[in-house]
Amino acid sequence: MIAARSLTRRFDKTVALNDVTLTIETGEMFALIGPDGAGKTTFFRIVTGLLQPTSGALTTDGHRSFGFVPQRFGMYPDLSIDENLALRAKLYDLDARKARPRAAELLHRVGLGRFGARLAGNLSGGMKQKLALAAALLTAPDLLLLDEPTTGVDPMSRREFWMMLHQLHHEGLTIVVSTPYMDEAEYATRLGFLHEGRLLDVGTRTEILDRYPRPLVEVRSANRFAVRAKLADVPGVDDVSLFGTVLHVRGSESCGTSLADVVRRALDGLVASDAVKTIRPSLEDVFVLQGESACGPSEAPGSPTRQPRWGGPPGSPTRQPRWGGPPEGSAAKLRRQARASGGGAPRAQEGDAA
Numbered sequence: 008m009i010a011a012r013s014l015t016r017r018f019d020k021t022v023a024l025n026d027v028t029l030t031i032e033t034g035e036m037f038a039l040i041g042p043d044g045a046g047k048t049t050f051f052r053i054v055t056g057l058l059q060p061t062s063g064a065l066t067t068d069g070h071r072s073f074g075f076v077p078q079r080f081g082m083y084p085d086l087s088i089d090e091n092l093a094l095r096a097k098l099y100d101l102d103a104r105k106a107r108p109r110a111a112e113l114l115h116r117v118g119l120g121r122f123g124a125r126l127a128g129n130l131s132g133g134m135k136q137k138l139a140l141a142a143a144l145l146t147a148p149d150l151l152l153l154d155e156p157t158t159g160v161d162p163m164s165r166r167e168f169w170m171m172l173h174q175l176h177h178e179g180l181t182i183v184v185s186t187p188y189m190d191e192a193e194y195a196t197r198l199g200f201l202h203e204g205r206l207l208d209v210g211t212r213t214e215i216l217d218r219y220p221r222p223l224v225e226v227r228s229a230n231r232f233a234v235r236a237k238l239a240d241v242p243g244v245d246d247v248s249l250f251g252t253v254l255h256v257r258g259s260e261s262c263g264t265s266l267a268d269v270v271r272r273a274l275d276g277l278v279a280s281d282a283v284k285t286i287r288p289s290l291e292d293v294f295v296l297q298g299e300s301a302c303g304p305s306e307a308p309g310s311p312t313r314q315p316r317w318g319g320p321p322g323s324p325t326r327q328p329r330w331g332g333p334p335e336g337s338a339a340k341l342r343r344q345a346r347a348s349g350g351g352a353p354r355a356q357e358g359d360a361a
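Okay, so the sequence shown: first residue is 8 according to the working numbering, each after it adds one.
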């Protein structure tokens, strides 16, 4: 079990973690979600002992050892796959008679069995992460930590990587993984939203979605920019966001009537009535609302500086940031990073990172 109590870490004037209290039970696959700079890597560094908290405490009761896959590839690029794992076994004082077949088994499991002689520096991004996973598992840890392990990896390799993680989890390994990808995070047993060092919400996917406090409507239309412009000043409409080929329309806290009826009336003559329907939120809807709520009054819904999400199509001179202020505020950054994933994920010890 990992237990953080009022965990805080400061770097000069920057608060990387701010009073984080969190418990991760043995046997879980826990996903820590957050944009760049949220504090995910700082949390992992404290768990691994690479950093000490400024205040608060963290314990890892019940775990004999851990494996760590960091963001940055940490294997020696001028050594082969086999040489890297052999060196790792020596550094951890593993019995060579046991380490050699263990390494061969792990390489076969991650799909690198026939590439043992290849230099680590010549591997693709996906193959490097598979090697890092094999290295982290070499000591047979009972806790596996992964800091954004599939960032920059192609969709097929991401899928293969998550299939391996889910198999390891089903075998009883406790896994804690950070990711900015919603499609990956939603298949963990529990999730935590981390934003600017603060833990905003924790729970299962169902629990988090059930706590979403706003009405939400989906609009299907080929003329999505016209729909967005039409809804920009409609009372009770708080946000209009593009989700692939549809729009998600979020109601404000004060929306007293059916949001779907409000949207249908506003779009009468532009969109068919049956193209507007009430929906359950996605994790991205929850994540962005959580982030907006934490951004402060200047970016909060209902702020006098609030702008329509876009003033025009991408690349247009009238295009505006989501909120008044800098071209990409915290809320827009959250939305961009939540959408960063390019492919789906199945259900489902190493150095440092920045």
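Derived from the structure by calculation, the hints contain no laboratory data.
A quick note: this is a predicted structure, and the numbers were derived from the prediction, not measured.
Idealized CB from N, CA, C, for every residue including glycine.
Keep in mind that a hint or two might mislead.
Cβ-Cβ distance ranges computed for the label pairs, FRET-style [unchecked claim]:
1. Arg71 <-> Leu94: 36 to 44 Å
2. Met170 <-> Gly210: 43 to 51 Å
3. Arg272 <-> Ser62: 46 to 54 Å
4. Thr285 <-> Gly56: 17 to 25 Å
5. Leu94 <-> Thr21: 54 to 62 Å
6. Gly56 <-> Arg227: 48 to 56 Å
7. Ser300 <-> Ser72: 49 to 57 Å
8. Gly56 <-> Arg104: 37 to 45 Å
Derived pair list, reagent style DSSO-like, types lysine-lysine, alpha-carbon separation capped at 27 Å [as the list claims (entries may be wrong)]:
9. Lys97 <-> Lys135
10. Lys105 <-> Lys135
11. Lys20 <-> Lys97
Against the earlier hints, flag every one the structure doesn't satisfy and list their numbers going up. 1, 2, 4, 5, 7, 8 and 11
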